[in-house]
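Protein chains in written order, with the numbering used here: chain E, 4 to 118; chain V, 268 to 383.
Among the hints, erroneous ones may be present.
Here are some of the chain E residues that sit facing chain V, going by a computed Cβ distance under 7 Å [stated by the list, open to error]:
#1 V16
#2 D110
#3 G111
Sample of chain E residues facing chain V (criterion: CB under 10 Å; computed from the structure) [as the list claims (entries may be wrong)]:
#4 T20
#5 P21
#6 K52
What the hints contain is simulated information worked out from the structure, not anything from laboratory work. Think of the CB as a built atom: it goes at the ideal place given N, C-alpha and C, for glycine as much as any other residue.
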Amino acid sequence: AQSVTQLDSHVSVSEGTPVLLRCNYSSSYSPSLFWYVQHPNKGLQLLLKYTSAATLVKGINGFEAEFKKSETSFHLTKPSAHMSDAAEYFCVVSDRWTNAGKSTFGDGTTLTVKP
Amino acid sequence: NAGVTQTPKFQVLKTGQSMTLQCAQDMNHNSMYWYRQDPGMGLRLIYYSASEGTTDKGEVPNGYNVSRLNKREFSLRLESAAPSQTSVYFCASSEILGQSSYNEQFFGPGTRLTVL
Chain E
4 AQSVTQLDSH VSVSEGTPVL LRCNYSSSYS PSLFWYVQHP NKGLQLLLKY TSAATLVKGI
64 NGFEAEFKKS ETSFHLTKPS AHMSDAAEYF CVVSDRWTNA GKSTFGDGTT LTVKP
Chain V
268 NAGVTQTPKF QVLKTGQSMT LQCAQDMNHN SMYWYRQDPG MGLRLIYYSA SEGTTDKGEV
328 PNGYNVSRLN KREFSLRLES AAPSQTSVYF CASSEILGQS SYNEQFFGPG TRLTVL
């Protein structure tokens with residue numbers, strides 16, 4: 004079985020400071036991991052994905068995430084927050100070899116960026 | 268390229284009414300999905316279709332039915348709507364990279380459904 008836990012439901016940072024959104028996962032086999040962003044009243048947009056290539060993954064808008072198998076983590080970071088980063092972020096796990104491609108979503112982390 | 272489109276964008280139903288949510292994708296993807304999103308609960312999978320002609324239950328299928336009409340279209344039907352089905356519904360599609368390895372999902376803009 005696969006599962007994902009987003010450790011913080013809300014994160015608040017000041018503009019220009021670093022962002023850290025934490026995600027732990029559980030997967031029986033080799034997982035694919037994703038981070039999506041959802042702005043208010045919008046659909047979900049892919050930020051970045053890990054599919055067993057490089058463990059440090061770079062995404063759009065300056066975000067990156069590091070896959071750490073020993074810690075079963077896939078934390079999302081950004082060196083300097085921008086006001087436009089305020090949104091809901093979802094960590095997603097998909098077991099590559101079972102579950103027929105079904106993905107499991109975390110409950111989401113709301114990022115607030117203060118001026 | 269429109270990506271994934273959903274209709275309608277908004278809908279208000281009375282308890283017991285039925286309706287169908289439509290979804291279409293123009294990316295030639297094999298897999299399609301229906302999710303519901305409730306506050307503080309992320310997205311939960313209702314049904315999915317791994318390929319044309321197949322459908323399967325997800326995490327929360329009760330009260331819903333689906334039809335994979337062709338490779339492009341995947342509809343979600345509520346036969347007798349209940350207030351507990353008030354939610355935002357998202358359709359998504361993805362491509363199979365190979366031997367059960369799945370790529371990212373592309374999402375539609377969502378349908379906001381209220382059941383009174």
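Evaluation of the provided hints:
1. V16: The hint is violated - E:V16 has no Cβ within 7 Å of chain V, the shortest such distance being about 21 Å.
2. D110: holds, 5 Å
3. G111: At about 5 Å, which falls below the 7 Å cut-off, the nearest Cβ of chain V leaves the hint on E:G111 intact, so it holds.
4. T20: Not OK, violated: E:T20 not within 10 Å of chain V, min 26 Å.
5. P21: violated, 24 Å
6. K52: holds, 5 Å
This entry does not satisfy hints 1, 4, 5, going by the numbered hints stated previously.
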